[in-house]
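Participant: Could you build all of it, start to finish, from the sequences and the hints given here?
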Amino acid sequence: MQELTHETMTAVFEEIFGRSLFWLMVAAVALITLGYIYVLVRDRAVSWRKFLLAQLSMPLGAVLAVWFVMAMTRSRLSDIGGPVDVMLLLGIAALGAVGMAILVYTVEALIGSRRTTGGGDVR
Amino acid sequence: MNRRKFLNIAMAGGAAAALAPGPGDAQVAPVETSARIVIIGAGAAGTALANRLVRRLDGAEITLIDPRHDHLYQPGLTLVAAGLKPAGYVVSDTAGWLPEGVTWLPERVAAVDAEARTVSTESGQRLDYDWLVVAPGLVLDHDAIEGFNLDMVGQDGIGALYAGPEHAARTWAAASRFAEEGGTGLFTRPATEMKCAGAPLKHTFLIDDIGRRAGNAGRMNMIYAAPQSALFGVPIVAEKVRMLFEDRGVETMMNRTLTAIDAGARRATFAVDGGTEEVDYDYIHVIPPQRAPDFVVQSGLAWADRWTDQGWVEVDMQTLRHLRHPEIFALGDVAGVPKGKTAASVKWQVPVVEDHLVAAIEGREGTATYNGYTSCPMITRIGRAMLIEFDYRNNLVPSFPGIIAPLEELWISWLMKEVALKPTYNAMLRGRA
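So the sequences go chain by chain: A and B. Using this note's numbering, the first residue of the first sequence is number 1, and each one after it goes up by one. Using this note's numbering, the first residue of the second sequence is number 1, and each one after it goes up by one.
What the hints contain is simulated information worked out from the structure, not anything from laboratory work. Some clues are possibly wrong.
Stated by the list, open to error - Computed beta-carbon distance windows for the label pairs:
#, chain 1, residue 1, chain 2, residue 2, range
1, A, M87, B, R248, 38 to 46 Å
2, B, D130, A, L77, 56 to 64 Å
3, B, F400, A, A27, 28 to 36 Å
What the hints assert, rightly or not - Not the full set, but computed from the structure, chain B residues with beta-carbon under 10 Å of chain A:
#, residue
4, V91
5, A304
6, D305
7, W307
8, R381
9, G383
10, R393
11, L396
12, I412
13, W414
14, P423
15, N426
16, A427
Backbone N, C-alpha and C fix where the C-beta goes; we use that ideal spot for every residue, glycine too.
Facilitator: Below, the structure written as structure tokens:
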């Protein structure tokens, strides 16, 4: 590798998603991350109640992430051809899962539901 | 963070492969010089070199000569010809890639006088040079195929994706009809050296896959016809392609050179063993013989004893420096070296010429060498490819040994071709990769 610069990486992502969609996604990711940090600082604790729903949403995040990448790159699951492809796929799924968990946690903490804000009725 | 992270991981490999290690690129103070450098050609090689030289040299007078206003991202043509990208995907503005401080002369070169060190253009302009880089690309000799002309592309089952973005798009129009209706598909390649020898194979694989997905595999008779006796110049790759063709049911007709087509009758004529052979087709992909532009031979820059019908520039294989005129270098398609008519080769060649050119200006010898590296993300179907990288000696030189197997059909290799290659190419044009 001669140089793997940020410039090149940014260009790669712009190419994949198109410039506007890519920067829209970057903005969304930044916003969610900021929101997550905000609720952590605000609550000064991780709420395990909120994390229940967040964890339940993880498989959905994994599936969505894989679907998204496949659709964007004209690929199908049957294109997985070797171990490195499986690792890549699992990596995408894992990151999608974690991303979804953070999103759900943040949204729940910011908007709140009866389950997590009320405290009494856990059902 | 989540998405950015996973994409980083997903794509780091892609960008990394295409950016694989080349000669060093140390940041040093620019060399002061008043050298006059003329670069013939503002394609991938000329543009990348110009962008690197302006950073290495201070005060040099750099002129690029190229009549074409459109820059073509040629690795994308196979994707256009398979309906995977629009024609515009490969087109950009030549001027947009050139650095400030260089002069672009949009003209065609008529002759080089290597003794007087001048380049003259067709409009009669004459430029003196101290250093000359010959990188005009090559000429597609469509007239060599009797009965064929470019206006036919897209009709009567005729494709010719090398001819440019519009022709690649028209190739898709013809190829997609074949993939729907079936019949006999003839996929050819020329006897000469050619740009990206993987492209004829990619086109074959892609059209086969597209027909297969449409449920027409049974109605398609796929034939790959080539003047060579092997399917690819690198024996281990040729053998792999043979197995894949067997798997897909693609027949081969080796040692046959396309010489003529009868568009009305849909009949192709091949030269074989001193005789001829006629084959009827429903779709034919024509790749014409390829040669250096006329001025290369006429100006005495070509090899006298090799590729005499093609006229590639006589350069040293390692340094790309002209063997008789040390102030002349050649880059890209026109360079008379084995293999290496790809953008990946250019990417590795440009820093070598940069090194020797700057060193020569400083009065010392350059040290960088080009080992013939080239790379071919060989698409074997939509969604899968083999990342084949090799050198002059037909050795495989994988960028990720043990991780991305060169002879395996992988999704990750497809991702590299489909999404990571163009940004990497663009970074190369800017001299940043």
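Participant: Next, verify each hint and record whether it holds.
Facilitator: Consistency of the hints with the structure:
| no. | hint | verdict |
| --- | --- | --- |
| 1 | M87(A) to R248(B): 38 to 46 Å | 27 Å, violated |
| 2 | D130(B) to L77(A): 56 to 64 Å | 58 Å, holds |
| 3 | F400(B) to A27(A): 28 to 36 Å | 32 Å, holds |
| 4 | V91 | 15 Å, violated |
| 5 | A304 | 36 Å, violated |
| 6 | D305 | 35 Å, violated |
| 7 | W307 | 30 Å, violated |
| 8 | R381 | 8 Å, holds |
| 9 | G383 | 3 Å, holds |
| 10 | R393 | 22 Å, violated |
| 11 | L396 | 16 Å, violated |
| 12 | I412 | 5 Å, holds |
| 13 | W414 | 7 Å, holds |
| 14 | P423 | 4 Å, holds |
| 15 | N426 | 6 Å, holds |
| 16 | A427 | 5 Å, holds |
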